[in-house]
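Visitor: Protein chains in written order, with the numbering used here: chain A, -15 to 254; chain B, -15 to 254; chain C, -15 to 254.
In short, the hints are calculated from the structure, not lab data. Just so you know, not all the hints are guaranteed correct.
Which copy? The list can't say, so a pair holds if one copy fits it or any two copies do.
Each computed SDA-like pair below joins lysine to any residue, with the alpha-carbon atoms no more than 25 Å apart [stated by the list, open to error]:
#	residue 1	residue 2
1	K22	T68
2	K217	F247
3	K195	E233
4	K195	N246
5	K23	D183
6	K199	P131
7	K86	D10
8	K217	D69
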Amino acid sequence: PSPKSSSSGAIGNPPKSESVLMTSRDGITTITLNRPAKKNAITLQMYEDILLAMNAASQDDSTITVFTGNGEYYSSGNDLANFTDNPGGLKLSEDGNLPLRKFVDTFIDFPKPLVAVVNGPAVGITVTLLGLFDAVYASDRATFHTPFSSLGLSPEGCSSYTFPKIMGPSKAVEMLIFGKKITAREACARGLVTEVFPDGTFQEEVWARLKAYAKNPPNAMRIAKQVIRSSEKEKLHAVNAEECRILEERVLSEECINAVLNFFSRKARL
Amino acid sequence: PSPKSSSSGAIGNPPKSESVLMTSRDGITTITLNRPAKKNAITLQMYEDILLAMNAASQDDSTITVFTGNGEYYSSGNDLANFTDNPGGLKLSEDGNLPLRKFVDTFIDFPKPLVAVVNGPAVGITVTLLGLFDAVYASDRATFHTPFSSLGLSPEGCSSYTFPKIMGPSKAVEMLIFGKKITAREACARGLVTEVFPDGTFQEEVWARLKAYAKNPPNAMRIAKQVIRSSEKEKLHAVNAEECRILEERVLSEECINAVLNFFSRKARL
Amino acid sequence: PSPKSSSSGAIGNPPKSESVLMTSRDGITTITLNRPAKKNAITLQMYEDILLAMNAASQDDSTITVFTGNGEYYSSGNDLANFTDNPGGLKLSEDGNLPLRKFVDTFIDFPKPLVAVVNGPAVGITVTLLGLFDAVYASDRATFHTPFSSLGLSPEGCSSYTFPKIMGPSKAVEMLIFGKKITAREACARGLVTEVFPDGTFQEEVWARLKAYAKNPPNAMRIAKQVIRSSEKEKLHAVNAEECRILEERVLSEECINAVLNFFSRKARL
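Based on the provided sequences and hints, a complete structural model is requested.
Guide: Spelled out as structure tokens, the structure:
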């Protein structure tokens, strides 16, 4: 179990967590999902730890923030135990919203260039959030999968807006509604991924590039991101709010409850 | 000549038409353009039959709706005889608008996943509407052609908005203004088409995939589509209204009248 | 030094400039950057000459307007001497805005199909403006480079809006924030370029195609462009205004001043 974070995200005070690591060097702060035995599935505690890490990264003196996973997977997404561990299936925040809403808002508002280093397969929320990143580098071992419909769920992470914008509706819907899993090369051709690297040289090539990028004037990069994001920030927050409103209904639907029960009964039989 | 439809689109009461067929099985309702001797060109009657079929499909118990063509062509688009068969060149609906406006609105508002199975060449309105579909599977024999300018006409089907969004203005304008005909592979690289299949295995591969997709929880798919569409539905209706307003002027322009006359005089000489 | 323009852009009265040429034939008006010894870098005078040429082209009887460069380069972009030649680093227009704002507005509002014939490497503003063109044909010798961050600057030419829309944020930001230079084939895959041609046959193939396109009915083409542009013209003007507001601050920043000084001191040492 990951320890509670001891920090409110102040500068130099990153979260002390085993499942979400945070390191900083060469002008780059890296947030690493570190639960490899569970394919880096994200627990409720990890959502909170990621938020703390994002807040710390937004204020430290790094110029670029990187998101990655430890081990074979980037992340298998939301830990489905989150549904069953909360009696009633749903835990709302103090403000009456899904915790997901604040989580996604943090990615919308993040003030520095945010880069995903996708080291392996990515699922669910860790795929949809990529539409809010500034660059996405992927190993050729990575795959991208958003099986919302089969779980009775609906798209989040602003993907209902960003995916059709990035790849056109005909390719976005195949992923978001029909749950088609795509390869790293397909994701790159569709514009979700910036560039794909052979797995053998992935880490070496990507980090060399990121270190070079981190040497650009920091204010220029931060302000360029602000200009780019400003033309749709309001829209993104509205989309996030609407997606969460719908999802709140979906997690209580019979389709979703049956799908989650099936998932765990299949696991139990193995 | 296709018989009048006898239905107002109520459930289980699809239009009785020879030129627009409607079948339902495996959770999929299929609407087929069936005028192969005329390359599935769409007559005024067929526009009405398609609307009735869409209304029926939106209310039946299928989970996915498919649009396709019978024979060698997907569709050669609007039957140009529609212009000459209406003295004055233009027939408005009772509400004073082009019938096209209501036709396109039906595609904007369609509540279930809508898939195009493009079995051969597609022209005009049957190409532009693809930007409103949720998935587009194409045979490698298919081509995509929108020769509006050479006919003195202007883009419709929301393509003036969806095409630049899907493929960027530099590729959209080449199709919409310069009338460049593109191949299925080009359309796929541009994001208009989801995936291309060899013609020999096209039907088999596409229908196997669609049957699998149709097994997803139906409410989840319907709601996911609603979330995706909601962020731009208002914009799409506004674009459709503006495109129809402009087109109403264009069909009465000298450029258009001369182009249509030339088309028929060329045909007559053959 | 290029002579002052003698014209206010009235029909048949193109600017008399050595560095910005204007010719008209076969229904196509061509504006050529003609400062090959300086890689077609754009001086303050050339910005004015281009505006005059654009105004003349918008009103003459051509149907298509083409933008191209003479020599090995398309253009190396804004001549950095523009910064140092103006004490204080910044010269505002009479209306208190950056001259850039009016310059970009002219591209947003241009009423006819506007085609870039990218004969070689393109840098900075001549790359970002491509997002406002209706077609972009490139030699396979062309490259596309927007090194704003390394100069302490921020994106302009509406690229903060058009680039993410065309190629998705993950590929747009790599160019606009990290300054990645891309090839013609990459730019084509990303949707910034319509089509790439081998350099040996580039001029021949492109001009044959343009001459054919120029034979389409001129009103139909002009009105189709108007329909396509109208759905985002207001947004584009707002983006341009915001980009110029930010850029006004950036050109006076320490990061920018240092970067420009370094550029000239490196040049002086060669």
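Visitor: When Cα atoms must be at most 25 Å apart, do K195 and E233 count as within-copy, between-copy, both, or neither?
Guide: Classified as neither: same-chain Cα gap 44 Å, cross-chain 27 Å, threshold 25 Å.
Visitor: Regarding K217 and D69, is the shortest C-alpha distance of 25 Å or less found within a copy, between copies, in both, or in neither?
Guide: neither (34 Å within a copy, 37 Å between copies)
Visitor: Go through the copies and call it for K199 and P131: within, between, both or neither, with a Cα cutoff of 25 Å.
Guide: Between copies only: 13 Å across chains, 39 Å inside a chain, cut-off 25 Å.
Visitor: Measure nothing new, just compare the shortest in-copy and cross-copy C-alpha distances for K217 and F247 to 25 Å and report within, between, both or neither.
Guide: Neither: 36 Å inside a copy, 35 Å across copies.
Visitor: Is it within, between, both or neither when you check K22 against T68 at 25 Å Cα-Cα?
Guide: For K22 and T68, the Cα distance is within 25 Å only inside one copy (17 Å; across copies 58 Å).
Visitor: Is it within a copy, between copies, both, or neither that the alpha carbon of K86 lies no farther than 25 Å from that of D10?
Guide: neither (29 Å within a copy, 41 Å between copies)
Visitor: Between the shortest in-copy and the shortest cross-copy C-alpha distance, which are at most 25 Å for K23 and D183: within, between, both, or neither?
Guide: within (18 Å within a copy, 40 Å between copies)
Visitor: When no copy is specified for K195 and N246, does a C-alpha distance of 25 Å or less occur within a copy, between copies, both, or neither?
Guide: between (45 Å within a copy, 21 Å between copies)
This entry does not satisfy hints 2, 3, 7 and 8, going by the numbered hints stated previously.
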